[in-house]
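Q: Listed below, chain by chain, are the residues.
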Amino acid sequence: MRVRILIILLCGFSCSVYAQKIEVKGKWKINVSAKDILNAGNDYNTCYESSEGEVEFRVKNNWNHEYNGYSWIVYINKQDEIWHPNLKLSVRRTSDGSSAYACYSYIYGGGYYRNVSDRHSFFCAGYRGRDNVELQYKLEGVSLLLPVRNYKTYVTYTIVEY
Amino acid sequence: MRIYKCIWVLLIAFWASNAVTAQCVDDSYVRLKLKNISLVDIEPKGDVEIIIKPPLKAGMDFQQYASSSKWLNYSSSVRRYENKNISVSMGGSLPKGVLLKLKIAASISGEGQLGMSAGEVYLGNRNVQIITGIGGAYTGAGVGKGHKLDYELEFEDYGVLSQMQSKAILITYTITN
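These protein sequence lines are chains S and Y, in that order.
Here my numbering is used: the first sequence runs in plain steps of one and ends on residue 162.
Here my numbering is used: the second sequence runs in plain steps of one and ends on residue 339.
Just to be clear, a hint being listed does not mean it is correct.
Claimed, not checked - Simulated DEER-style distance windows between Cβ atoms:
| # | chain 1 | residue 1 | chain 2 | residue 2 | range |
| --- | --- | --- | --- | --- | --- |
| 1 | S | D131 | Y | T336 | 20 to 26 Å |
| 2 | S | N150 | Y | V290 | 32 to 38 Å |
| 3 | Y | Y227 | S | A34 | 48 to 54 Å |
| 4 | S | P85 | Y | R288 | 39 to 45 Å |
| 5 | S | D36 | Y | E282 | 34 to 40 Å |
| 6 | Y | S324 | S | G141 | 56 to 62 Å |
By construction, these hints were calculated from the structure, which means they are not laboratory data.
We put the CB at the ideal spot given by N, CA and C, even for glycine.
For reference, chain S alone in the conformation it holds in the complex (with noise of 0.2 Å):
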C-alpha cells in the first residue's frame, strides 16, 4: 500500500515538474532546385527565408506550480542531424501571439534575427503563459557548393523559469 502511495505521489511530482512549458508547432523544408537558379551559371539564391509564422510556440502554465513564479526565458540552441557548417541558421519572433491573461501577461524579445548555433543562447522572455507565438527561419549559405544531400537539424527550444 505505501509503494502505492509512493508511486502517486512521485507521478504526481513528475508531472508537475513546470509551472511553465513550452509546446513547439510546425517544421520548415526547403527544396532547392534547378528553379531557383536564374540563369546557368549563376549560385542559388544564398539565403531563403521562411514564411512568418510556419513555426509558433505556446508557452503554457502549469497551475500545479503556484509557488512558482510566472516569468519565463526561452533559450534556443540546434542540435544536427546532417548539417554543413557553411549554412547559418537564423530565427525571429514575428508575433507577440496571444494570451488568456489579457494585460498580466507580455512576451519580449526575439524581435530580429538570432543566429540559432550549438550553444544556447537567449531568445525571448515573457510572463505567464502565451499562444501562437510566431516564427520565422532564415537560413544563409545555401550553394551549388555544397554537396548534394538533405541536410536536417533540429531546433531546440527551452524554457527556463525564474
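Given the coordinates of chain S, assemble chain Y onto it according to the supplied hints.
A: Same frame as chain S, but now just chain Y:
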C-alpha cells in the same frame, strides 16, 4: 523503513530543486533538400558566322573571319566525390576538305570546382569532351563569364575544296555525370 525515509528525502529534494528553476524543452526541425543541378548555356545568343574570303595574294592562305566568340556558362552541384563533364557534338556536315576547330579557354570567373578545359578539339558527329572534372561550381552568367569559346575553320585538303554559298551546322553542348 530506512528505504522509505530515503525515498521521501529524495522526493523532497527533487521537488525543491524544481521549485527553484524548472525547464522544459520542445523542438522543431529545419530540412534543406539540395538537388543535383546541371545547367549549361552559351552566351551571347545567336549564330557564329565564319566567312571565308579568297587569299589577298596568290600563294597565300584563305582569309577567315568569325563573327564573334562565345562564352560557356554552367551551374553544377554534385554529390560528394562526383564529377561532371561537358561534351560537344556537331549536327550536319562540313564542306569537304574543311575541319571545324573549337578552342576552349580556362574559365576566367566563377567559384567551386571548375572543370579543366581540353584546350582545342575538332568537332564531329560524335560527342567530344571539352570540360572535365566539374564539381559543385558556377561560372557566372553572361558574356565574359566562364570559358571563352572560339571557332576556327581549318583547311585539311585544298584539293577537294569547292565553292558553296553557305552551310549551317548545329553545335550542341551537353553536361553529364
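Q: All the hints need checking, so say for each whether the structure fits it.
A: Now the hints, each set against the structure:
1. Remark: the range hint 20 to 26 Å for D131/S to T336/Y is contradicted by a beta-carbon distance near 55 Å.
2. For N150/S and V290/Y, the hinted distance range of 32 to 38 Å is satisfied, since their beta carbons lie about 36 Å from each other.
3. In this structure the supplied range 48 to 54 Å is violated for Y227/Y paired with A34/S, their Cβ-Cβ distance being about 37 Å.
4. Range check, P85/S to R288/Y: about 43 Å between beta-carbon atoms, so the 39 to 45 Å window is met.
5. Between D36/S and E282/Y the beta carbons are some 35 Å apart, a value that agrees with the proposed interval 34 to 40 Å.
6. Taken as a hint, the range 56 to 62 Å holds for the pair S324/Y and G141/S, whose Cβ atoms sit roughly 59 Å apart.
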